[in-house]
Amino acid sequence: MSRVYNFSAGPAALPEEVLRQAAAEMLDYRGTGMSVMEMSHRSKEFENIIEGAEAALRELMSIPASYKVLFLQGGASQQFAAIPMNLTRNGTADYIVTGQWAKKAAAEAEKYTKVNRIASSADKTFSYIPDCSDLPVDKDADYVYICQNNTIYGTRYPQLPETKGRPLAADVSSMFLSEPVDVEKYGVLYAGVQKNAGPAGLVVAVIREDLIREDIWPNTPVMLSWKTQADAKSLYNTPNCWAVYICGLVFEWLKKNGGLAAMRERNEKKAGLLYDYLDCSSLFRGTVEPASRSLMNVPFVTGNEELDKTFIKEAAAAGLVNLKGHRTVGGMRASIYNAMPYEGVEALVKFMKEFEAKHA
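So in my numbering, spot 50 of the sequence shown is number 469, and the numbers just go up one at a time.
Calculated from the structure, these hints are not laboratory results.
Even for Gly, the Cβ is constructed at its ideal location relative to N, Cα and C.
Some hints could be false.
[What the hints assert, rightly or not] No farther apart than 30 Å at their CA atoms in a straight line, the calculated lysine-lysine pairs in the DSSO-like style are these:
no., residue 1, residue 2
1, K688, K777
2, K688, K675
3, K769, K688
4, K522, K558
5, K522, K533
6, K688, K772
7, K583, K646
8, K743, K523
9, K583, K522
10, K743, K769
11, K543, K604
12, K522, K728
13, K530, K583
14, K646, K463
15, K674, K558
16, K530, K604
17, K652, K674
18, K743, K522
19, K646, K533
20, K558, K604
21, K675, K543
22, K675, K604
23, K604, K652
24, K558, K533
25, K728, K769
26, K522, K646
27, K530, K543
28, K583, K604
29, K732, K463
30, K688, K732
31, K583, K533
32, K523, K558
33, K728, K543
34, K652, K675
35, K543, K522
36, K743, K732
[To be verified] Label pairs and their computed distance ranges (CB to CB):
no., residue 1, residue 2, range
37, N638, A736, 45 to 55 Å
38, R461, P577, 17 to 27 Å
39, A681, R536, 31 to 41 Å
40, R439, E724, 32 to 42 Å
Put together the whole structure using the sequences plus the hints.
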């Protein structure tokens, strides 16, 4: 059976090498006589897995010792509540709304704190990132929140916002591990791993230690307390053991393939190939302003809904799957995460050229 090129936004493609290793270890993980899915999360074997995953991630991202790494459940959306619960001190927070996930995060935060929406790109269907160099950041804001790469709309912050000394909280789910990152510019960054690092069901959060405190929102559920999770080393309850294991394999794969600087180079090359074609096509059009384009998620349209549907159907028949765009944008979206090879984007562009020749 041949594998397709999977352009899904998430759960997304994983490196084939990682999948083969997981398959080889499925029934007998390194001489234990059992699968990772069967072993106790309190066992020495799993302790080695989770500690190894953290060590590899710290190396990849150059995470300072002053930051904690947490492996959490509940999806990235659960952090929409956990962030205001853990960070609220003065009772106000500033949000920059550049897509559906930041919009939902702001709405959730309003249950626990006052939310100021200090910038937005809703006026143009979230097709750009607003200028964030001099925003009206509240001097009493407990944090400034962003979704750094917008999976649905295909935008990415060209520079981090100027937060005027307030901690930056960032959802980096769909750009996680796709390029080098200066961790010290963030108070907290977190990612649902199912887009670029592992299977669904796990969130990795990197949090500055001074922001992990006991004096949090008084009705915070114990599972949403960062201090509870940090003190228990992400083992307060049974974690998503399988997802942690797969992430560890992906982290090692990234190290083996040159780390995050090499990933950025690969991702820029892939995205450049697709954007260059979109910019000269007479049929297809990208929906994002060039300065705000994501390296990971590329939405595009023909301008004809029926033709879009035909393209998606014929592309799937050609082994190019999960290209349907989000319902709020329409058209198509190619998610070209780390695991997508350059050859996959080449195959997509070749198919698009052939389709254009037939329908232009």
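Violated hints - listed by number, lowest first: 15, 21, 29 and 38
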